[in-house]
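Participant: Given chain A's structure and the hints, the job is docking chain B onto it.
Those protein sequences? They're chains A and B, same order as listed. The first sequence begins at 1149 in the numbering used here and counts up by one. The second sequence begins at 1149 in the numbering used here and counts up by one.
Treat the hints with caution; some may be incorrect.
One copy or two, either will do: identical chains are not told apart, so a pair holds if it fits within one copy or between any two.
Computed cross-link-like contacts, EDC-like style, restricted to lysine to aspartate or glutamate with a CA-CA straight-line distance of at most 20 Å [stated by the list, open to error]:
#1 Lys1337 / Asp1361
#2 Lys1573 / Glu1534
#3 Lys1337 / Asp1362
#4 Lys1427 / Glu1401
#5 Lys1538 / Asp1613
Hints listed in this document are in silico derivations from the structure and should not be mistaken for laboratory results.
2 protein chains.
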Amino acid sequence: MCVKTEFVSALPKAVALLGGGAIGGGWAARFVLNGVDVRLHDPAAGALDRAQEQVARARRAFRRLTLAPLPREGTLTILDSVAAAVEGVELVQESAPEDLELKQELLATADQVTAPNVLICSSTSSLRPSLLQAKMKHAERLLVAHPFYPVYMLPLVELCAGERTAPAALNRAATIFQALGMHPLVVRKEIDGFIANRLQEALWREALWLVHDDVATVQEVDDAIRYSFGLRRAINGPFRVGGGGAGTRRFMEQWGPTLKWPWTKLTDVPELTETFLNKLARQAEAREDGISSFEREQQRDDCYAAVLRGLRSQGHGAGETLAAWEESLRKRAPQVANDRGPLAAPTVQMPSDWVDYNGHITENRYLSLCGLGSENVLHHVGIDAEYRAKYGSYFTVETHISHLRELHAGDRVQVHTQIISADDKRLHLFYVIVREGEKAPAATGEQMLLHVAAGTGRSGPVQGDVRERVMKLALLHAELPRPERAGASIRLR
Amino acid sequence: MCVKTEFVSALPKAVALLGGGAIGGGWAARFVLNGVDVRLHDPAAGALDRAQEQVARARRAFRRLTLAPLPREGTLTILDSVAAAVEGVELVQESAPEDLELKQELLATADQVTAPNVLICSSTSSLRPSLLQAKMKHAERLLVAHPFYPVYMLPLVELCAGERTAPAALNRAATIFQALGMHPLVVRKEIDGFIANRLQEALWREALWLVHDDVATVQEVDDAIRYSFGLRRAINGPFRVGGGGAGTRRFMEQWGPTLKWPWTKLTDVPELTETFLNKLARQAEAREDGISSFEREQQRDDCYAAVLRGLRSQGHGAGETLAAWEESLRKRAPQVANDRGPLAAPTVQMPSDWVDYNGHITENRYLSLCGLGSENVLHHVGIDAEYRAKYGSYFTVETHISHLRELHAGDRVQVHTQIISADDKRLHLFYVIVREGEKAPAATGEQMLLHVAAGTGRSGPVQGDVRERVMKLALLHAELPRPERAGASIRLR
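Next up, chain A with everything else stripped away, as it sits in the complex (with noise of 0.2 Å):
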């Protein structure tokens, strides 16, 4: 099931992490960089450092991944007790390690030390709910919230309630993790190991015999699956063959019997003896090529975030989420008032699929960011959806760009939008692009814009409010000083 909520500021201020592992980093990273307060508790040592470490990796990861602007970080705290963790919170997130009674326990003290109407939830990625409600009081406030390494990428999260957990605390649940970006899902029936895991260690275990018996090697297994089924299953799942419905009837009719064909034999687990665990390890190594793992695992991430952009440009799947995120940075964005200056649009970041192989950002985002300083100017004026469908909008006819210094993915760029001139129907727009903490700008960028009237593609009159707000902003600007490459044009001088 997948609940549908409405992104109403569903952000907590604060949240406290029981855990700051590989899972407890990930979470810690996700709500720090949507702008949440962390408190961290971890008794191991250099739990900070560590998740520090996944939150740096995230940030740079979430300056390839969008354009949105990125909310002001949230802090990340390290406290000594689960008591002192907790204080002030509205969501206790577990991440112990995979060990019931310890979970237990670690709940049970949660439990105690908070106020009946913080959620608790756990990361757990095969324990029954119901099992780990067993110490706690309030365990109607208590379920499964468990995500997938690395936690600030991936969006899934399952949701799993326990015989006790109260319907709300999993629909309260549901819109806070969307609200951070994920895709909630809540799993029917509570089983062992939920859903994804079950499918993952399914694949996982006819990968291990092919190692073993020396069918294949680990690169090898990789790139079967990623040159082939492995692109699909970034789009959907395996029941999307055939064309759906009938379709998918007659292909499982065709198709399944061979599913029963001798190498279903290969499904128990091998026996993960010193050899072949050694195997395993040198045929992971063997693929290194001298790339540390830091830079691996961002290798990664840009991987993760170009895939994730492919998916948005289509409106699909993980893409849908993203740009459902996306919607809700730019709407917690704050307004720049600045009506006595050029426009500043919100600050952005370079994402990744804006390089080229030098890590430049390409010539032609020059003017996708005139583009965002366009953007900005007609939201300011109030063109809004109701004002596009009934009247209609500018286009660019025009565009004349000065490519001074080289941009980079990940760098973080500001745009100030000057009107240098408007009548009835036109807008002249200068652009001064700007990165963070510099003065001289990367570039500067000039438009024409021409009002088309609703449904006609033809030129037509700025309408009401908006074309007053248009004029006087036009009269305001009008007082600034002209920059002095208005107007230029192209020449050997």
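Facilitator: Just chain B, lined up with the frame of chain A:
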């Protein structure tokens, strides 16, 4: 194993396809769009129409997949016998139904009517090549070349030799499939089902049980995968965990034992009863939202194109395969000899990640098209990797674009470039961007390029032969009429 080969005009002029169903038709599409003539034999009625449908779908998809110049398409002819189909071909690809006896007979026939130096490949997804060789005389040229649906989109082809296969045949096949833009993976041991399908079917069995037991619906299985580890599988296989090497070993020691936990009992196959098949069909139907099967196939192709282009931007996996294929297409593209008029670049098509939510090419992509025009000029005057390393190259410092009409995904477009003027360091270019079949330009562009000396980051004069060619071309273009919009500036008139 992966056989590394050069793209040394490896493509055959013509191939014979035996069988034109979902797989054979996909082969037809991949060959035809790579410029290879296809001679198809299929006894079923309507086989040509169905193959042509796949060619049309692939044509649309390729135009969204790549900017590289696609070659002149090969022809698709239907022949009424095996003997007629194999006439003059270098490769026979068999894609008959998955029935051992039928395939043995068909391959024996092909063997008899084909010269012994012609390669014969079978698309079988499960049968061992040694069994397929049983009735062949020249069995040394038979191997399995198992592709994945849709064949024109997914790059993997598993190559598997039988007991009597000659190693040279395997290498030759690898070279051909690589030149088609595929990734040939040589299967080390002859086993039923090869590698990818074993992995895929393991996941499938688990998915069947989840739906059978009402733990999840078809849609929920889809979501559990595509929002989590499905995104990983487009990037790599299941062993790239814990950072590789020793990390993979630690990960396996920690999580390996969970593979034996209770849920491993779900490794048999549920009975495909009427009731279960109907449930599957119904759930697959429920997701269709009034979209026709044809549109759904297009949407899926567009998603593949977007994911592949995302991976290409990172130079990773299937994106690397795509980039290598594009490079070979660029090399194959006929040079346009037109020193007398503006330089025409090879026709390119608008890829799926260049569009906005309206299906129009985003305005910044007009600047990308100017970039293609400059690249064409720089290539023409002899700027190559060697010149770049030794002397430097040109960089854009100023751009002016007139956006005249909208372009859409898949549109074919040509860029004509004229040198307006040139001096020691500067190159002033004018572009006319025209959609195939139209006279009025979709846009015009103008750029000033500056020659930057290698390693300095500062401007420096163009050198040697390149300088001579630039000056000679500039002199020729000086005789052309100066474009009306050259040197224009943006202003309210």
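Participant: Next, verify each hint and record whether it holds.
Facilitator: Taking the hints in turn, this is what the structure says about them:
1. For the identical chains of this complex, Lys1337 and Asp1361 are inter-copy neighbours only, at 10 Å across copies versus 36 Å inside a copy, given an alpha-carbon limit of 20 Å.
2. Only within a single protomer do Lys1573 and Glu1534 lie at most 20 Å apart by alpha-carbon distance; the minimum there is 19 Å, versus 50 Å between protomers.
3. Only between protomers do Lys1337 and Asp1362 lie at most 20 Å apart by alpha-carbon distance; the minimum there is 8 Å, versus 38 Å within a single protomer.
4. For a Cα distance limit of 20 Å, the shortest separation of Lys1427 from Glu1401 across copies, 13 Å, qualifies, whereas the shortest one inside one copy, 39 Å, does not.
5. Only within a single protomer do Lys1538 and Asp1613 lie at most 20 Å apart by alpha-carbon distance; the minimum there is 13 Å, versus 59 Å between protomers.
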